[in-house]
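Enquirer: Quick mapping for you: the protein sequence lines, in order, are chains A and B.
To get the numbering used here, take the position in the first sequence, counting from 1, and add 39.
To get the numbering used here, take the position in the second sequence, counting from 1, and add 159.
Errors might be hidden in some of the hints.
[As the list claims (entries may be wrong)] Derived CB-CB ranges, DEER-like:
1. Q62/A / S231/B: 41 to 51 Å
2. F391/B / D121/A: 25 to 35 Å
3. M160/B / N81/A: 38 to 48 Å
[To be verified] The calculated lysine-lysine pairs, modelled on PhoX-like cross-linking and capped at a C-alpha distance of 25 Å, are:
4. K409/B / K143/A
5. K416/B / K186/B
6. K123/A / K94/A
7. K166/A / K416/B
[What the hints assert, rightly or not] Partial list, computed: chain B residues near chain A (C-beta under 8 Å):
8. S244
9. L268
10. G284
11. G285
12. P363
Rather than coming from a laboratory, the hints here were simulated on the basis of the structure.
Note that CB positions come from ideal geometry on N, CA and C, so glycine has one too.
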Amino acid sequence: MLNISGIHEGIVLDHIQAGMSLQIYHDLKLDKLDCTVAIIRNARSNKMGKKDILKVECPIELINLDILGFIDHNITVNIIKDDKIVKKEELHLPKLVKNVINCKNPRCITSIEQGLDQIFVLTDEEKGTYRCKYCEERYRSPKRKSQ
Amino acid sequence: MRHLMSPLDFSVEELDQLLDLATDIEKHPQQYAHACAGKKLATCFYEPSTRTRLSFEAAMLNLGGSVLGFASADSSSAAKGESVSDTIRVISCYADICAMRHPKEGAPLVASQRSKIPVINAGDGGHQHPTQTLTDLLTIRSLSGTLGNMTIGLCGDLKFGRTVHSLIHALIRYPNIRFVLISPEELRIPSLLREDVLRANNIPFEEVERLEDAMPELDILYMTRVQRERFFNEEDYVRLKDFYILTKAKMELAKEKMLILHPLPRVNEIAVEVDDDPRAAYFRQAQYGVYVRMALILTLLEITV
Chain A
40 MLNISGIHEG IVLDHIQAGM SLQIYHDLKL DKLDCTVAII RNARSNKMGK KDILKVECPI
100 ELINLDILGF IDHNITVNII KDDKIVKKEE LHLPKLVKNV INCKNPRCIT SIEQGLDQIF
160 VLTDEEKGTY RCKYCEERYR SPKRKSQ
Chain B
160 MRHLMSPLDF SVEELDQLLD LATDIEKHPQ QYAHACAGKK LATCFYEPST RTRLSFEAAM
220 LNLGGSVLGF ASADSSSAAK GESVSDTIRV ISCYADICAM RHPKEGAPLV ASQRSKIPVI
280 NAGDGGHQHP TQTLTDLLTI RSLSGTLGNM TIGLCGDLKF GRTVHSLIHA LIRYPNIRFV
340 LISPEELRIP SLLREDVLRA NNIPFEEVER LEDAMPELDI LYMTRVQRER FFNEEDYVRL
400 KDFYILTKAK MELAKEKMLI LHPLPRVNEI AVEVDDDPRA AYFRQAQYGV YVRMALILTL
460 LEITV
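Extracted from the complex, chain A is given alone in its bound form (with noise of 0.2 Å):
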């Protein structure tokens, strides 16, 4: 069994989907932070068999939990103050995801523009549709989709 310690302030990510790891660390910009990340891959879960989990310490505001609402709403997020934990955070799907994902239509202005932000809107909640802002090209979370 691999031990890792605890950290003193910052979010323990759970019940990742085995293999997402990477994606979501690439995904919430944490190679750009300045701050310990642990990527724990495939360890054993007795919900999920396999999971992967993230131990970020640093400030919780750096951290985008919109984006991560939209990756996939099943992880449990724990906020750790103190060495402990404070919160247990509730995902939810964004209302708008903002330079996360691209749109794949060709005939999109976003193919083309410079400097213009990927903005994606929550056009059905139930579906976990997103549509872009600019050609309404449909986006579904590959996560979502399998479910």
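Guided by the hints, dock chain B onto chain A, whose structure is given.
Expert: Below, chain B alone, put in the same frame as chain A:
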């Protein structure tokens, strides 16, 4: 300041007011002849469209205003690589209102985010073409007296035909509307419209391939052209371009009062022999297009006469 990106930008009440204004312009054109004196319309057309551009220009000239602009991306700064955002910021310094056509979907929306003047979407790729929709609504209302209680046949390229998409969005807000969607398998309406618009709003519709089967029940037949510029593959275009041809013989199956609409230009999809049929409304539709664009310019510039 308001822009027009989609026909849904106006509520049904606002749309009624706009169409009422267009009808008044039709009846009393001289009263509006100087309404836009001193105002300038910029027509920024990044892809060729003689018809829509001239309709906008005629509308502004009829209102006593003036026009400036470009008719293709080659003759604009886009050829030098300028972004839409930069172009509109510059145009905002030259004109009072802008009509923009662009092959990329969402380009006019990008422009509206940076513009200091009202922007009208004059067609963005296969996405929206709201002023054509306003034209269609004015034509239907003027010639049949109502915008509800009818069966509308949409025929041809329902996949890339933006006029069709915009028209569906606009018409579902009126009571007792039913659609018959007539197209080959490859050119059926996108799922966005079928699921999120028609099914989600419980609008009755059926999808058929043969025009003849649908003809007897239609109050409006909206024909569209299969557009070469929307295809990546020339072979597909050639195979589908003459899928539907409306002839005098097929018109015998139609109701006596059915109206034929077409956003124009027409290629082969309506035989010339149909033009003399009193039910052919497509050239009158072009005239209504000028009236409704006049009403739109006045509304967005907040000019009252």
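Enquirer: Cβ-Cβ distance between M160/B and N81/A: within 38 to 48 Å?
Expert: 56 Å, violated
Enquirer: Is it true that the C-beta distance of Q62/A to S231/B lies inside 41 to 51 Å, as the hint says?
Expert: With Cβ atoms ~43 Å apart, the hint holds.
Enquirer: With respect to the beta-carbon atoms only, verify the hint that F391/B and D121/A lie 25 to 35 Å apart.
Expert: At 59 Å between Cβs, range violated.
Enquirer: Do the numbers back the hint for S244/B, that is, is its least Cβ distance to chain A under 8 Å?
Expert: Cβ of S244/B sits 7 Å from chain A, so the hint holds.
Enquirer: Need the status of pair K166/A, K416/B: alpha-carbon distance at most 25 Å?
Expert: 43 Å, violated
Enquirer: Restraint: G284/B near chain A, CB-CB cut 8 Å. Satisfied or not?
Expert: 5 Å, holds
Enquirer: Per the CB criterion, is G285/B less than 8 Å away from chain A?
Expert: 7 Å, holds
Enquirer: Check the hint pairing K123/A with K94/A against an upper bound of 25 Å on the C-alpha distance.
Expert: 13 Å, holds
Enquirer: Is the hint on L268/B kept, meaning its closest Cβ partner in chain A is under 8 Å away?
Expert: The hint holds - L268/B has a Cβ within 8 Å of chain A, the shortest such distance being about 6 Å.
Enquirer: Classify the hint on P363/B as holds or violated, based on whether any CB of chain A lies nearer than 8 Å to its CB.
Expert: Result: violated, 22 Å to nearest chain A Cβ.
Enquirer: Given the hint that K416/B pairs with K186/B, test it: the Cα-Cα distance must not exceed 25 Å.
Expert: Roughly 24 Å separates the two Cα atoms, so the pair holds.
Enquirer: Are K409/B and K143/A close enough, with their CA atoms no more than 25 Å apart?
Expert: Violated, at about 41 Å.
Checked against the numbered hints listed earlier, the structure breaks hints 2, 3, 4, 7 and 12; every other hint is satisfied.
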